[in-house]
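Asker: Listed here are the chains, written in short residue letters.
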Amino acid sequence: DIVMTQSPESLAVSLGERATVNCKSSQSVLNSADNKNYLAWYQQKPGQPPKLLFYWASTRQYGVPARFSGSGSGTDFTLTISSLQAEDVAVYYCQVYYSSSPTFGQGTKVEIK
Amino acid sequence: QVQLVESGGGVVQPGRSLRLSCAASGFTFSNYEMHWVRQAPGKGLEWVAVIWHDGSIKNYGDPVKGRFTDSRDNYKKTLYLQVNSLRSEDTAVYYCARGGVAATPDAFEIWGQGTMVTVSS
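First to last, the sequence lines map onto chains A and B.
The first sequence runs 1 to 113 under the working numbering.
The second sequence runs 114 to 234 under the working numbering.
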């Protein structure tokens, strides 16, 4: 099974500053048949289910603010919040979803400094 | 609107069983593969199980293989998770989530609110 490793485990960023979350997979999640990275990002706030932010590594889900961006390919991916807002405090998870067992990273907690 | 609603959680003794349900509405349930994901208190997300749109293929995470069984009733638009031989480490919120159409992998766009299972003597 693919192992997803996120870093850092937590980070504290000042309001308006950039927050960067990294995700590394133990094997490539790029499907050569369609040249797509089967990598998703989710945001989870306390007491709520996860919310899909990105799929295909960089395609923003409808309604997700433009300050969020997803990038990367193969085994290394990044979620960036360009200007952190108070409502962005949450835990963020990456996930590979093409395998028979869709695996999540361990999560990164983003807080306000 | 598109919605998933879980039910069936509760407090159960170790070794006992429960059946969780996930009622779908607002989309063509029979077209989609469906997943169960759990989250232990204060922990991260753990994928549990998948069932294909037609129920023909199922797969499970290693911690639950042989103990959990997922099924679906496409007429009732309901997903089920039979959880047997429960252990303390199965204590978690159990979410159902919508996957891709037919056999096409896709991110989990739709999630339920979750149902809590507590395994305790």
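Hints were generated in silico from the structure; no laboratory data involved.
Keep in mind the model is a prediction, meaning the values are calculated, not measured.
Heads up, some of the hints might be wrong.
Covered by chain A, per the in silico footprint, the following chain B stretches (three or more residues, Cβ under 8 Å) [stated by the list, open to error]: (1) 139 to 147; (2) 183 to 189.
A few chain B positions that, by computed beta-carbon distances, are all more than 10 Å from chain A [claimed, not checked]: (3) G157; (4) N172; (5) S201; (6) T204.
Calculated pairs, SDA-like style, for lysine to any residue (alpha carbon to alpha carbon, straight line, at most 20 Å) [claimed, not checked]: (7) B:K156 <-> A:F68; (8) A:K45 <-> A:S28; (9) A:K109 <-> B:G155.
Where is the CB? At the ideal position from N, CA and C, for every residue including glycine.
Asker: Compare the structure with each hint and give your call.
Answerer: Against the structure, the hints come out as follows:
1. Note: the segment 139 to 147 of chain B has 0 residues with beta-carbon separation from chain A under 8 Å; the three-residue rule is not met and the coverage is violated.
2. With a threshold of 8 Å between beta carbons, the proposed coverage of the segment 183 to 189 of chain B by chain A is violated, since 0 of its residues qualify and at least three are required.
3. Non-interface call for G157 (chain B) relative to chain A: violated, since the shortest CB-CB distance, roughly 4 Å, does not exceed 10 Å.
4. For N172 (chain B), the requirement that its beta carbon stay farther than 10 Å from each beta carbon of chain A is not met, with the minimum near 5 Å.
5. Every CB of chain A lies more than 10 Å from the CB of S201 (chain B), the least distance being 21 Å, so the non-interface label holds.
6. Remark: the non-interface label on T204 (chain B) is consistent with the geometry, its nearest Cβ contact in chain A lying 17 Å away (cut-off 10 Å).
7. At roughly 24 Å between alpha-carbon atoms, K156 (chain B) and F68 (chain A) are farther apart than 20 Å, so this suggested pair is violated.
8. Using a Cα cut-off of 20 Å, the hinted pair K45 (chain A) and S28 (chain A) is violated, with the two alpha carbons roughly 29 Å apart.
9. A threshold of 20 Å between alpha carbons decides the hint, and for K109 (chain A) with G155 (chain B) the separation of about 12 Å falls inside it, so the pair holds.
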